[in-house]
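Engineer: Here is how the chains run, residue by residue.
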Amino acid sequence: MTAMASASPRSVSVAVENPGLAAQVSASERKHLIKMLALLAPSVIFTALFFVLPLALFMFRSVDNPEIQTYLPRTAEVMQSWSGQGEPDEAAFAAIAADLNAIRGQPSLGLIGRRLNYALPGARGLLTKTARRLPIAEGASAKDALIAIDKQWADPALWGVLHQQSGRLTDFYLLTALDLHKSPEGELRRVAPEQRIFIDLYGRTLSVSLTVTALCLLIGFPVAAVMARAGKRAASWMLMLVLVPFWTSLLVRSTAWVILLQNEGLVNKALMALGIISSPLPLVFNRAGVIIAMVHVLLPYAILPIYSVMKGVSGNHLRAAASLGASPLRVFRTVYLPLTLPGVAAGGTLVFVLSVGFYVTPALVGGPGDQMIGYFIAYFTNSAVNWGLASALGAFLLIVVAAIYLALGKLVGFNRLRVR
Amino acid sequence: MSIQAMAADAAPAGEPLVRFSRVQKSYDGQSLVVKDLNLDIARGEFLTLLGPSGSGKTTSLMMLAGFEAPTSGRITLQGREITALPPYKRGIGMVFQNYALFPHMTVFDNVAYPLRARKMAEPEIAQRVTAALDMVKLGPFGARMPAQLSGGQQQRVALARALVFEPELILLDEPLGALDKQLRERMQYELKQIHERLGVTMVYVTHDQEEALTMSDRIAVFDQGRIQQLAPPEELYESPANAFVAGFIGENNTLEGEVVASAPHAVTVRLAPDIAVTATAIDPLAVGDQAVLCLRPERISLAPGAAENAFTLEVERLVYLGEATRVVFSLGGQELIAKGDPMKVPVSIARGASVTVGWRTADCRAFRKE
Numbered sequence: 001m002t003a004m005a006s007a008s009p010r011s012v013s014v015a016v017e018n019p020g021l022a023a024q025v026s027a028s029e030r031k032h033l034i035k036m037l038a039l040l041a042p043s044v045i046f047t048a049l050f051f052v053l054p055l056a057l058f059m060f061r062s063v064d065n066p067e068i069q070t071y072l073p074r075t076a077e078v079m080q081s082w083s084g085q086g087e088p089d090e091a092a093f094a095a096i097a098a099d100l101n102a103i104r105g106q107p108s109l110g111l112i113g114r115r116l117n118y119a120l121p122g123a124r125g126l127l128t129k130t131a132r133r134l135p136i137a138e139g140a141s142a143k144d145a146l147i148a149i150d151k152q153w154a155d156p157a158l159w160g161v162l163h164q165q166s167g168r169l170t171d172f173y174l175l176t177a178l179d180l181h182k183s184p185e186g187e188l189r190r191v192a193p194e195q196r197i198f199i200d201l202y203g204r205t206l207s208v209s210l211t212v213t214a215l216c217l218l219i220g221f222p223v224a225a226v227m228a229r230a231g232k233r234a235a236s237w238m239l240m241l242v243l244v245p246f247w248t249s250l251l252v253r254s255t256a257w258v259i260l261l262q263n264e265g266l267v268n269k270a271l272m273a274l275g276i277i278s279s280p281l282p283l284v285f286n287r288a289g290v291i292i293a294m295v296h297v298l299l300p301y302a303i304l305p306i307y308s309v310m311k312g313v314s315g316n317h318l319r320a321a322a323s324l325g326a327s328p329l330r331v332f333r334t335v336y337l338p339l340t341l342p343g344v345a346a347g348g349t350l351v352f353v354l355s356v357g358f359y360v361t362p363a364l365v366g367g368p369g370d371q372m373i374g375y376f377i378a379y380f381t382n383s384a385v386n387w388g389l390a391s392a393l394g395a396f397l398l399i400v401v402a403a404i405y406l407a408l409g410k411l412v413g414f415n416r417l418r419v420r
Numbered sequence: 421m422s423i424q425a426m427a428a429d430a431a432p433a434g435e436p437l438v439r440f441s442r443v444q445k446s447y448d449g450q451s452l453v454v455k456d457l458n459l460d461i462a463r464g465e466f467l468t469l470l471g472p473s474g475s476g477k478t479t480s481l482m483m484l485a486g487f488e489a490p491t492s493g494r495i496t497l498q499g500r501e502i503t504a505l506p507p508y509k510r511g512i513g514m515v516f517q518n519y520a521l522f523p524h525m526t527v528f529d530n531v532a533y534p535l536r537a538r539k540m541a542e543p544e545i546a547q548r549v550t551a552a553l554d555m556v557k558l559g560p561f562g563a564r565m566p567a568q569l570s571g572g573q574q575q576r577v578a579l580a581r582a583l584v585f586e587p588e589l590i591l592l593d594e595p596l597g598a599l600d601k602q603l604r605e606r607m608q609y610e611l612k613q614i615h616e617r618l619g620v621t622m623v624y625v626t627h628d629q630e631e632a633l634t635m636s637d638r639i640a641v642f643d644q645g646r647i648q649q650l651a652p653p654e655e656l657y658e659s660p661a662n663a664f665v666a667g668f669i670g671e672n673n674t675l676e677g678e679v680v681a682s683a684p685h686a687v688t689v690r691l692a693p694d695i696a697v698t699a700t701a702i703d704p705l706a707v708g709d710q711a712v713l714c715l716r717p718e719r720i721s722l723a724p725g726a727a728e729n730a731f732t733l734e735v736e737r738l739v740y741l742g743e744a745t746r747v748v749f750s751l752g753g754q755e756l757i758a759k760g761d762p763m764k765v766p767v768s769i770a771r772g773a774s775v776t777v778g779w780r781t782a783d784c785r786a787f788r789k790e
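So the protein sequences, as listed, match chains Z and R. Reminder that position 377 of the first sequence reads as 377 in our numbering, one-by-one numbering, no gaps. Reminder that position 216 of the second sequence reads as 636 in our numbering, one-by-one numbering, no gaps.
Check the hints yourself; a few may be wrong.
[As the list claims (entries may be wrong)] Covered by chain R, per the in silico footprint, the following chain Z stretches (three or more residues, Cβ under 8 Å):
{"no.": "1", "stretch": "310-319"}
{"no.": "2", "stretch": "334-341"}
[Unchecked claim] In silico negatives: residues of chain Z with every beta carbon more than 12 Å from chain R:
{"no.": "3", "residue": "L39"}
{"no.": "4", "residue": "L251"}
{"no.": "5", "residue": "A288"}
Just so you know, the hints here were simulated from the structure itself, not pulled from any lab data. It should be emphasised that the depicted structure is a prediction, and the values quoted were computed from it without experimental measurement. C-beta atoms are modelled at their ideal positions from N, C-alpha and C, and glycine is treated no differently.
Based on the provided sequences and hints, a complete structural model is requested.
Structural biologist: Following this line, the structure appears as structure tokens:
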């Protein structure tokens with residue numbers, strides 16, 4: 001940009017001499033631009049179709065709420081105009097009776113039942129039971145008839161849920177993912193203590209990820225430093241050893257850790273044979289196992305960016321610092337560390353972002369209390385088929401990672417986060 | 421301990437500032453990069469270590485700075501042995517090839533670095549850094565980052581940084597190698613001025629013989645791990661101690677032949693069956709020895725009537741150099757180059773012309789062929 005700006009005064013004077021020149025230049029630049037865009041097009045189209053679009057659709061699922069409007073259209077309409085306070089009038093009862101009657105015996109009944117069950121446990125049974133006894137007699141009061149089928153129809157909590165969830169969009173999943181719910185009066189409340197799992201989950205995910213990141217950096221930094229200063233042959237050997245873990249699948253390695261770390265495993269046997277411990281250490285199906293296995297898997301991601309930055313640090317900078325009177329510790333603190341910081345930041349970010357999303361390793365090596373957010377996203381996607389909640393958890397994960405990246409960018413400078 | 425503190429109990433005058441005694445260096449345990457180096461560096465002198473790459477000059481400098489440990493031998497600084505002293509305790513200023521400025525610090529912080537390492541008070545640091553930057557004419561550049569400076573400016577910052585803590589000894593490792601010719605010449609001049617003004621001792625490594633000749637008090641010519649000759653520039657140029665020095669410093673004709681007659685200081689060397697020249701013997705040479713003759717092109721007279729060693733030769737080529745014209749002959753199958761002022765080269769000299777050339781026996785030096 002600067003070059004263009006500084007060139008413009010000259011081009012003005014040229015344009016006076018040769019009015020066709022500016023047009024020629026812009027024509028040739030346009031050609032160049034089109035060529036560049038054509039080269040970028042495949043990757044842009046691919047990314048848009050298979051990454052950005054699915055991501056946006058899945059994110060949208062965290063607020064998407066089509067079920068009630070689709071399967072209970074009359075009820076949704078009445079609920080939208082109702083205040084949500086106390087007990088609704090006859091029209092509401094008539095609407096839901098008509099809606100349920102319309103989908104009686106169809107799969108839709110199951111779907112809407114599951115959807116309402118998220119917000120109100122037991123709702124599914126109520127709908128099935130009610131639908132079986134429909135339709136109500138001609139001319140009778142829908143309200144009396146429904147309450148006669150099940151007393152729960154008189155419960156304001158049920159109608160509160162129907163009212164809150166009748167919109168096209170919902171904040172239900174996002175709130176649930178934060179251990180919050182809305183009271184029938186529309187107030188935000190924390191869910192009952194025994195149901196609060198997600199805040200703990202974020203905390204656990206972050207603390208495991210931070211621990212793994214810190215360990216990877218602490219172990220990786222010296223390795224990278226030695227590699228960067230080693231001779232060509234030694235460095236390429238070390239690089240190969242660092243990369244060896246990439247040759248094996250994550251699943252195999254995680255399973256191998258179970259075998260290595262179990263009570264009768266190699267690690268415990270060896271430690272006992274050496275007389276360091278007398279009884280096996282609990283190393284697997286707990287937090288320690290998760291961290292050991294994750295550090296092992298992620299270490300190369302820390303070493304490689306640090307190594308690549310360290311390679312670029314000239315030995316002369318370190319020698320210069322020493323010749324100027326700085327002790328080795330001072331050289332490290334004031335010259336080596338600042339110059340390698342971009343690599344540390346890049347490696348740390350990479351390890352952190354990867355470990356926040358880890359799923360397979362904690363699932364195999366961890367205990368029930370060590371599962372991270374990835375496990376729950378998978379659970380809600382595959383087993384519970386609550387895609388809204390899975391999406392909400394994913395959205396918060398994305399937000400946390402983005403926030404950390406931004407904070408780090410502010411701290412270290414974005415241009416230094418690149419892997420050079 | 422700082423240099424200043426050491427200067428208080430300085431050795432008596434006449435004692436060299438630096439002394440290498442029998443220093444050897446080998447990296448692989450087989451070949452020696454530096455062989456039996458004995459070198460005294462006097463206080464205040466500008467000494468250049470000159471030689472082709474791999475000659476051991478940079479290794480010698482690195483041993484003095486403390487970045488390489490000698491395999492054997494001793495190095496003393498102001499009478500104190502520093503052979504095993506780590507570099508940061510030596511108090512020697514150093515300017516590196518490509519400057520080695522810290523890219524993450526401003527110019528000011530770069531120059532302040534050695535002072536902060538010495539835990540000096542900030543007000544004094546500011547004062548000293550300002551003075552050092554003024555000295556290298558970079559007063560207003562303190563807030564810039566090194567990357568925002570030109571090569572010459574970076575070079576000056578590196579110099580200011582090496583000088584700011586007032587070391588008595590400054591080492592410069594090909595500091596001007598990355599600059600273009602014009603800038604290099606200006607920096608040579610500035611460096612020399614600073615040397616004279618401050619009276620610091622400078623040890624300068626270069627492979628550029630012109631740079632060495634213009635700047636140095638003494639030059640140590642290195643080749644194959646040894647100092648081939650240690651002498652002031654004039655002496656090095658006028659009386660090279662061996663064929664390597666003669667060839668490395670300045671332009672030189674190298675003629676090879678067999679000694680056919682030997683007097684105490686002069687020898688007659690036969691270059692071809694019918695061509696014999698007389699030369700000053702530097703090495704002792706006996707009849708039958710193989711000799712190398714060294715003769716500066718500008719010492720060959722192109723004017724007719726030359727006294728000694730006169731030959732009539734055919735001009736093979738003329739090379740116009742601007743300040744001089746090079747005339748290339750063949751003498752007994754060996755190339756002989758003469759160099760003359762273009763204004764004074766006779767117009768009769770043209771390609772194919774016959775010219776009588778000659779030189780004084782004193783200007784032609786004979787060495788034993790290695």
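Engineer: Would you mind marking each hint as holding or not holding in the structure?
Structural biologist: To see whether the hints hold, each was checked on the structure:
no.: 1; hint: 310-319; in the structure: holds (count 4)
no.: 2; hint: 334-341; in the structure: holds (count 4)
no.: 3; hint: L39; in the structure: holds (31 Å)
no.: 4; hint: L251; in the structure: holds (42 Å)
no.: 5; hint: A288; in the structure: holds (38 Å)
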